[in-house]
Amino acid sequence: MSSAVGAGLAFAFGAFALLAAQQRRYAELRLQVDKAEQADRRRTMMAEQHELQLYLLRKAIDDPDLAAVFSIAEAESPAQQRQFLFANALYTNALLAYRIGVVNWEELHGHVRVMCANPIFRQYWQATRHQRASLKDSSDEARVGYMTDILIRELEESESDEWWVVGEPPAEDQPPAKERPPSEGQPPGG
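When we follow my numbering, the leftmost residue of the sequence shown carries the number 1, and every step to the right adds one.
Do not take every clue at face value.
Listed next, with one range per pair, are the computed distances between beta-carbon atoms [stated by the list, open to error]: (1) Phe16 to Gly110: 55 to 61 Å; (2) Ser158 to His130: 25 to 31 Å; (3) Tyr26 to Pro119: 55 to 61 Å; (4) Pro119 to Leu31: 48 to 54 Å; (5) Gly8 to Ala36: 38 to 44 Å; (6) Asn104 to Tyr26: 31 to 37 Å; (7) Leu56 to Ser139: 17 to 23 Å; (8) Ser158 to Ala47: 32 to 38 Å; (9) Gly101 to Leu54: 49 to 55 Å; (10) Leu54 to Ala79: 16 to 22 Å; (11) Glu28 to Leu56: 40 to 46 Å; (12) Leu52 to Glu76: 37 to 43 Å; (13) Ile100 to Gly8: 54 to 60 Å.
Hint data in this document are derived by calculation from the structure and do not stem from the laboratory.
Glycine included, each C-beta is placed from N, C-alpha and C at the ideal position.
Based on the sequences and whatever the hints tell you, model everything.
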């Protein structure tokens, strides 16, 4: 009888251990699903916020009175202010594409390089540099801003007309340098 009891206890212990392992695995999977759902909700909220941002930008581009409220970048004319607002829309769109995973770091570098090749974008970037000064170094926006600073500097220093080959992306996890590139504080093109 004792061997039957021993076998029963061993079976019960084995079943209990199997059940405990299954519960741990279920909890791990549930945690992974919860994290994926949370990331998906965040991407959805970012996309919705971006849609609202673009709506407000369109209104500001269409109405100089609203543009004066929307941007603190000093523009020389209403036309330049609309250009700056459009440059902001291009930049924030590229940043969002990276944040939600539509483009990777290297692809983002290519998109930003195209923007930086444009002198109006570089003027916008210079005019808004103070707005980026308070960004947390670990934020996506600070790291992308740093990449943009580097690209602008490299494009301005390049002796080649082939802007599409200028610069390599910094490491994706590299935090922005505390000191800004030399082009900071200098007027665009100077």
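Consistency of the hints with the structure:
Checked against the hint of 55 to 61 Å, the C-beta distance between Phe16 and Gly110 comes to roughly 56 Å, which is consistent with it. Between Ser158 and His130 the Cβ separation comes to about 26 Å, which falls inside the hinted range of 25 to 31 Å. For the pair Tyr26 and Pro119, the supplied restraint of 55 to 61 Å holds, since their beta-carbon distance comes to about 58 Å. Range check, Pro119 to Leu31: about 50 Å between beta-carbon atoms, so the 48 to 54 Å window is met.
Under the hint 38 to 44 Å, the C-beta atoms of Gly8 and Ala36, about 42 Å apart, fit the expected range. For Asn104 and Tyr26, the Cβ-Cβ distance of about 33 Å falls inside the hinted range of 31 to 37 Å, so the restraint holds. At about 21 Å, the beta-carbon gap between Leu56 and Ser139 stays in the expected band of 17 to 23 Å. A beta carbon spacing of about 35 Å between Ser158 and Ala47 agrees with the range 32 to 38 Å that was offered as a hint.
Our hint of 49 to 55 Å for Gly101 and Leu54 is violated, since their Cβ atoms are close to 19 Å apart. Against the hinted window of 16 to 22 Å, the Cβ-Cβ separation of Leu54 and Ala79 comes to about 20 Å, which satisfies the hint. The given range of 40 to 46 Å is respected by Glu28 and Leu56, whose C-beta atoms sit roughly 42 Å from each other. Distance hint check: the CB atoms of Leu52 and Glu76 are about 28 Å apart, inconsistent with the given range 37 to 43 Å.
Take Ile100 and Gly8: their Cβ atoms lie about 55 Å apart, and the range 54 to 60 Å holds.
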